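Taken in order, these protein sequences are the chains called L and D.
Position 64 of the first sequence, counted from 1, bears residue number 64 in this note's numbering, the numbering being contiguous throughout.
Position 25 of the second sequence, counted from 1, bears residue number 139 in this note's numbering, the numbering being contiguous throughout.
Calculated directly from the structure, the hints in this document are not laboratory data.
Everything numeric in this text was worked out from a predicted model, so none of it was measured.
Just so you know, not all the hints are guaranteed correct.
As the list claims (entries may be wrong) - Taking lysine to aspartate or glutamate pairs in the DMTMM-like style, the calculated list, with each CA pair at most 20 Å apart, reads:
#1 L/K57 with D/E129
#2 D/K163 with L/D101
#3 L/K71 with L/D101
#4 L/K9 with L/E79
#5 L/K9 with L/E73
#6 L/K14 with L/D26
To be verified - What follows is a list of derived Cβ distance ranges for each label pair:
#7 L/T95 with D/K182: 26 to 34 Å
#8 L/P61 with D/G155: 22 to 30 Å
#9 L/P83 with D/G155: 16 to 24 Å
#10 L/S18 with D/G130: 46 to 54 Å
#11 L/M19 with D/Q172: 39 to 47 Å
#12 L/G40 with D/E180: 37 to 45 Å
#13 D/I123 with L/D56: 27 to 35 Å
#14 L/V60 with D/R136: 37 to 45 Å
#15 D/G176 with L/M19: 36 to 44 Å
#16 D/T126 with L/P39: 17 to 25 Å
We put the beta carbon where it would ideally sit given N, CA and C, even for glycine.
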Amino acid sequence: NAGVTQTPKFQVLKTGQSMTLQCAQDMNHNSMYWYRQDPGMGLRLIYYSASEGTTDKGEVPNGYNVSRLNKREFSLRLESAAPSQTSVYFCASITGTGGTDTQYFGPGTRLTVL
Amino acid sequence: AQSVTQPDIHITVSEGASLELRCNYSYGATPYLFWYVQSPGQGLQLLLKYFSGDTLVQGIKGFEAEFKRSQSSFNLRKPSVHWSDAAEYFCAAGSFNDMRFGAGTRLTVKP
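Between the sequences and the hints, there should be enough to build the whole structure, so can you do that?
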């Protein structure tokens, strides 16, 4: 049981390049989330997927797209990377959408955009 | 606007001393409240959560937190800090689809 896994762990991009961050969970969770973490700030929600086949915007969705490929996988795509997207990205999942759930986080992807 | 404030950016305590980390929230109604811990290079781990009921919540690793509605606070406490508690601590509030995090408090533990 690996929990929430993210690939890659580190990535360096040039401005304008595209890439996809991968996230997978093996806990049979329904809901999955993408956050970004910047220095001096807490995590901010980018997108979430309450269930397979649905996605919704969070607090900071601009510049990103997501795909809920199946129940296990939730990817985050940067179509044209910008230096402002330099951040650490975390994926998380919970069983449902109820408030009593526990959110499990992946180890993060550190992205640098030059 | 909904927000979470952690007034202390960095706290240093001696091993064995008590600890209190402060958290204040601004929401229209009492939100769900959480404390997470993050070790360097790691993801966040849930320490404890409050949804309703008893205002003193027990968590893992010997941590507890007290919800005070009148002060819009949810402070984290530990009676005796261990060197392994050195980490960054985040308070969060809201529903999972609209979670707001504080900026974090970095805890250093002196031997």
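Hints violated by the structure (numbers, ascending): 1, 6, 12, 14
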